[in-house]
Amino acid sequence: MVRKIRTWLAVSMLVVLSCAAVGAQQKPTPNEFTPMSAEEQASEVLPATPFVFTAYAIVWLVLIGYVFVLWRRVSKVERELLDVNARLTGPGSRP
Amino acid sequence: MRFATRLVPPLLVVAAVMFAAAPFVIDTAPYESSMGLIQRIFYFHVPVGIVMLVSGLVCGVASAVYLFRRSPVADYLAVAAAELSVVFGLIVLATGPLWARKAWGVWWDWDARLTSTVVMWMVFAAYLLLRRFGGPGSEVLSAAVGLFGMVLSPFVYWSVNFWRTLHPKTSVLPTLPSPMLGPMLFCLAAFFVLYVALLFLRARLASAQAALEQAYLSVED
Amino acid sequence: MKDVLRAAWLIAQKDLRVEARSRELIYTTIFFAMACVLIFAFAFVRDGRPIEHAPAGILWVAIVFSGTLALARAFERERQSETLRALLLAPSERAAVYLGKLFAVLILLAAVEALLVPIVGLLFQAPLLRAPWLLAGLLASGTIGFAAVGTLFAAMLVRAQSRDVLLPVVLYPLTVPVIIGGLQGTAFIFAAEPNFDMARLWLSMLVFFDAVFVTLALWTFAPVMTE
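Chains as they are written, first to last, in the working numbering: chain P, 13 to 107; chain W, 23 to 243; chain L, 13 to 239.
Derived from the structure by calculation, the hints contain no laboratory data. Small disclaimer: the values here were computed from a predicted structure and weren't measured. Don't be surprised by glycine CBs; every beta carbon is placed ideally from N, CA and C. Some hints could be false.
[Stated by the list, open to error] So the derived label-pair ranges between C-beta atoms look like this: (1) 53/L - 154/W: 57 to 65 Å; (2) 130/W - 18/L: 20 to 28 Å; (3) 95/W - 234/L: 49 to 57 Å.
[What the hints assert, rightly or not] Covered by chain W, per the in silico footprint, the following chain L stretches (three or more residues, Cβ under 8 Å): (4) 164-171; (5) 231-237.
[What the hints assert, rightly or not] Here are the computed lysine to any residue pairs in the SDA-like style, where the Cα-Cα straight-line distance is at most 20 Å: (6) 14/L - 103/L; (7) 88/P - 45/W; (8) 88/P - 232/W; (9) 88/P - 243/W; (10) 88/P - 50/W; (11) 26/L - 118/L; (12) 26/L - 77/L.
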């Protein structure tokens, strides 16, 4: 058990160290600003369609999901209620 | 209660038909000049917000009736309205940031209306948590929460709005041009029909659960 | 009316006497407030100076957090000795029980704030003496509003399960108006360019909120505590 923990520790340390080594070799961020070309600028503007689509999808899914879940819960409870009531009236009343 | 139960399926059908027609009705409205397509979210986002507020009101009134009269039907309506406030509130809080991200560039900016909606949503979430985890007798406690929530909501909005008055955002609805007003009202009507149907359905569930508990207690006797 | 107030004062005296003997609540609440302030210091101090509006925020958050704890502990004590039912059975109006507990909690919180405010002022270079009466008014009305709602819900939750976490969950959204009022008013006093008119405006709003909250709580206390 202890040996397993030690092995895992060693492996994770190796992974962490190698990531650090790779990270240290990244290109340094540039010191100056270069303006964007017109094409790049057009792609920076967020298109509206995905947002509208997601918004409507959320509304539909949440509402339909909720109606579905609610209907199932109601059916389940009412079925159980019928069962229990049958049990109550079935064997006859107790004194 | 039984009368309300019978209303549920036809109301749901009406709502479904209206929602199916909604995209076409919304399409008749012109695009808004500064926001374009993204403003289409408005036709669902605003009605859902209005219904959420109304549901909060229903919960508050029902809670007050339950608190002072101990009427079981009031309790069923209160818990139904609280749950629907949370569900509709979730929709508002999910669609709002989507609109905001495109229109204002940020997902959230502590706008007065958004913030007070979050606060009220949390009040009704607290109602439901109290109901679920408060143990026996939590109906009365949550009724107090519902009542306070309803009464305090104008104060919440007022204080948050005043906090943010440095960047006022005026209300759009009263000055809405008529081509846009029609679809808005249609969607509002559709959501209201759906809300009433869901309110009765959820209240029916609460009533059935209470009857079940009672029945189990009788069985034990 | 006078009877109700007299009964309330008796109940408050009882609580204060119990507290004076053990001093449990006052010590633990003050040190909890200090612990909060410490954590906020790490969050909101940059290069040795607090960021803008930090002192007001830290002060009020510490008040709210320690106030919640004090409320919960005050009623926990009642629950443990099962004295709450005795209180409710006593031949005095329910309103008296509510007001009595409220007075006791307010006096406790006043004692906590009397220590907390100078400490926050010292640690975060907040100009406490710029408008001392205005600041005191804001603190008083904010605390009254918070405690009014808090006392009601803490009393309600005494017998509920999960009451430790449910009290803040229920209390914080409902006391948002009071917290915003206190915070904003205090921030306007502490700002580099203070705006006393805005602070006074928030103070008058807080007084109005307090009137509404206390009335509503008084009205709701009786039906909620009936079992």
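Is the hinted range of 20 to 28 Å satisfied by the C-beta distance from residue 130/W to residue 18/L? Violated: the Cβ-Cβ distance is about 51 Å, outside 20 to 28 Å.
Is the distance from the Cβ of residue 53/L to the Cβ of residue 154/W consistent with 57 to 65 Å? violated, 37 Å
Holds or violated: residue 14/L with residue 103/L, Cα cutoff 20 Å? Holds. Residue 14/L to residue 103/L sits at ~15 Å (cutoff 20 Å).
For the pair we were handed, residue 88/P and residue 45/W, check the Cα-Cα distance against 20 Å. Violated, at about 34 Å.
Consistency of beta-carbon spacing, residue 234/L to residue 95/W, with hint 49 to 57 Å: violated, 22 Å
Do the alpha carbons of residue 26/L and residue 118/L lie within 20 Å of each other, as the hint requires? holds, 14 Å
Given the hinted pair residue 88/P and residue 50/W, is their alpha-carbon gap at most 20 Å? violated, 42 Å
Within 20 Å, alpha carbon to alpha carbon, are residue 26/L and residue 77/L? violated, 25 Å
Checking one constraint from the list: CA of residue 88/P to CA of residue 232/W, max 20 Å. Satisfied? holds, 14 Å
Coverage of the region 164-171 of chain L by chain W, judged on three or more residues with CB within 8 Å: holds (count 5)
Under a C-beta cut-off of less than 8 Å, do 3 or more residues of the region 231-237 of chain L approach chain W closely enough to confirm the stated coverage? Check passed, 3 qualifying residues.
Restraint status (C-alpha distance of residue 88/P to residue 243/W at most 20 Å): The hint is violated at about 24 Å.
Against the hints set out earlier in the document, violations occur for numbers 1, 2, 3, 7, 9, 10, 12.
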